[in-house]
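Work out the full structure: start from the sequences and follow the hints.
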Amino acid sequence: MTVVMAGFVDFHIAHKIDVFTGAPQEGSAVDYGTLGITFGARRPHATEDWHSELKALNCEIPENQS
Amino acid sequence: MNPKKNQIKAIGLDINELRSAVQFEYEGVALNPDQGFHFHTGRKLARIVGYQAHWLEGIPESAIESFAGTGNPFSLGELSPGENVVDVGSGSGLDSLIAAQMTEPDGQVIGVDMTPAMLEKARQSAKEAYLDNVSFRQGFGEELPVEDGWADVVISNGVLNLMPDKITGLQEMARVLKPEGRLQIGDILVQKEVPNDAKENIELWSG
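Residue numbers (my numbering), protein chains in the order written: chain A, 1 to 66; chain B, 67 to 273.
Simulated from the structure, these hints should not be mistaken for laboratory data.
Each residue gets a CB set at the ideal place from its N, CA and C atoms; glycine is no exception.
Here are the computed lysine-lysine pairs in the BS3-like style, where the Cα-Cα straight-line distance is at most 30 Å:
no. : chain 1 : residue 1 : chain 2 : residue 2
1   : B       : Lys244    : A       : Lys16
2   : B       : Lys193    : B       : Lys244
3   : B       : Lys110    : B       : Lys265
4   : B       : Lys265    : A       : Lys16
5   : B       : Lys244    : A       : Lys55
One-sided excerpt, in silico: chain B residues whose CB lies under 7 Å from chain A:
no. : residue
6   : Gly102
7   : Phe103
8   : His104
9   : Ile114
10  : Ile233
11  : Leu236
12  : Ala240
13  : Leu243
14  : Pro245
15  : Gly247
16  : Leu249
17  : Gln250
18  : Gln257
19  : Val260
Dropping the structure here:
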């Protein structure tokens with residue numbers, strides 16, 4: 001949701017990978033079940049596209065980005 | 067929108083103290099990449115996140131050994147010749163150099179990082195790789211030293227989670243992108259609730 005709020009559309013997570021288990025000083029990241037991820041999104045050409053995406057998420061349009 | 071006007075916010079943290087701690091940690095990754103961290107580094111990590119061997123061909127070992135990403139921005143699609151790219155938190159420069167190889171000769175890559183030791187390493191690696199379509203600038207993710215609407219693609223790898231103000235960091239990425247520009251990001255996903263006292267612990271942010 002944060003990515004969309006910042007001005008993007010088509011947010012998607014492509015991959016999740018365990019990148020912390022077995023690290024030399026493995027610690028809290030593993031304790032919290034932290035995974036490495038890769039995500040993508042797109043800056044829309046039209047502001048209306050972004051507003052539609054926000055609406056789909058049931059988000060209000062930020063005041064400084066109308 | 068003007069994200070630079072937004073006040074940087076983080077839960078009960080001193081922003082400068084947090085940035086100093088992160089810089090200290092990643093200066094260690096730059097200068098002593100084999101000392102062992104709470105994350106994997108180097109070629110081993112590149113294999114874990116699925117970097118293809120031919121992407122690393124021609125890249126100096128100094129850039130690879132200090133690689134500390136958490137994902138694979140290029141797995142969302144390789145970059146095309148002629149595209150302009152911003153690499154947010156470019157570190158030792160591995161992703162910037164891969165991007166420079168993919169986009170040359172006409173594409174330009176700007177790597178942005180706040181840690182001088184990483185910038186020095188990245189610049190030296192670019193010189194050793196004879197890549198003249200990549201440059202590195204010192205700056206913060208929340209205040210990218212790049213003009214509006216310059217980039218076709220913004221990449222970043224393992225950096226957004228270290229930014230005190232993630233919404234401003236993402237807004238900056240949107241600002242420097244052209245309309246229809248792409249975001250290709252490696253980051254982290256925390257699957258368990260992190261208590262507030264842990265969020266306020268700078269040691270957990272940086273190492």
